[in-house]
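Dock chain B against chain A, hints included.
Protein chains: 2
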Amino acid sequence: MKQVIMVRSDLGMSKGKIAAQVAHASVMAAFEAYFKHREWFEEWWRSGQKKIVVKLEGEEELVKRYMEAVSQGLPASIVRDAGLTELPPGTVTAAAIGPAPDERVDKLTGDLRLL
Amino acid sequence: MKQVIMVRSDLGMSKGKIAAQVAHASVMAAFEAYFKHREWFEEWWRSGQKKIVVKLEGEEELVKRYMEAVSQGLPASIVRDAGLTELPPGTVTAAAIGPAPDERVDKLTGDLRLL
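As given, the protein sequences belong to chains A and B, one line each in that order.
Heads up, this note's numbering is the position in the first sequence plus 38, with the first residue counted as 1.
Heads up, this note's numbering is the position in the second sequence plus 38, with the first residue counted as 1.
For the record, the hints were derived by calculation from the structure and aren't laboratory data.
Computed from a predicted model, the values in this text were never measured in an experiment.
Hints are supplied without guarantee of correctness; some may be wrong.
In this list, chains with the same sequence are indistinguishable; a pair is considered to hold if it fits within one copy or across any two.
Claimed, not checked - No farther apart than 25 angstroms at their CA atoms in a straight line, the calculated lysine-lysine pairs in the DSS-like style are these:
{"#": "1", "residue 1": "K55", "residue 2": "K145"}
{"#": "2", "residue 1": "K53", "residue 2": "K74"}
{"#": "3", "residue 1": "K93", "residue 2": "K55"}
{"#": "4", "residue 1": "K145", "residue 2": "K102"}
{"#": "5", "residue 1": "K74", "residue 2": "K102"}
{"#": "6", "residue 1": "K74", "residue 2": "K55"}
Looking at chain A on its own, in the form it has when it is part of the complex:
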């Protein structure tokens, strides 16, 4: 089991901003798994909660992968920034897929590079 968190590298976000966006995405998808895929969640939790942070460019690419995960019934989340600090309101910054079986997450994210 793994969770992959995708973050946009084209927005010029600071380290702290990136970390907060990744945490938002991670928490929301983890709770979705807890409620809808309890077995995946518990196996993931027991085995150390594997999280992989990867990067991509552009809102379109991020939304496309998120929508594919949703359409395949995987736990997934997407983060829209409120725009109070560094970004225009409504900017899509990050998305998480999983916790879910490795191969199902890899099919949607395996080509992306580590942040």
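The following block gives chain B in isolation, referenced to the frame of chain A:
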């Protein structure tokens, strides 16, 4: 309600490593709040899941603040890295306090600077 995530700035971690450690801490403390402080959790969730990422130096300082939070009955988590990539095994990297009322979290973290 807020959650503050403290991350060590003295370890030379990469952006992606920092983001993953912050997400580990955030998820664990969020689930603790869900199970032990459901009212705090729900208010935090409804109001946008405020997360603040701050920095500090050294294991001692991080562990001290985590232990204070635990002793005050606040949801809190601390992350020990498995040491598979950038760090020696067992290195303490990050800790989260909350979701909890702003003033109770601020008392333990309000002097720390944003990452």
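Taking the hints in turn, this is what the structure says about them:
1. K55 - K145: For K55 and K145, the Cα distance is within 25 angstroms only across copies (23 angstroms; inside one copy 28 angstroms).
2. K53 - K74: Cα proximity of K53 and K74: none, with 32 angstroms in one copy and 31 angstroms across.
3. K93 - K55: both (14 angstroms within a copy, 13 angstroms between copies)
4. K145 - K102: within (13 angstroms within a copy, 42 angstroms between copies)
5. K74 - K102: within (22 angstroms within a copy, 36 angstroms between copies)
6. K74 - K55: Neither: 29 angstroms inside a copy, 28 angstroms across copies.
Hints 2 and 6 from the earlier list are contradicted by this structure; the remaining hints agree with it.
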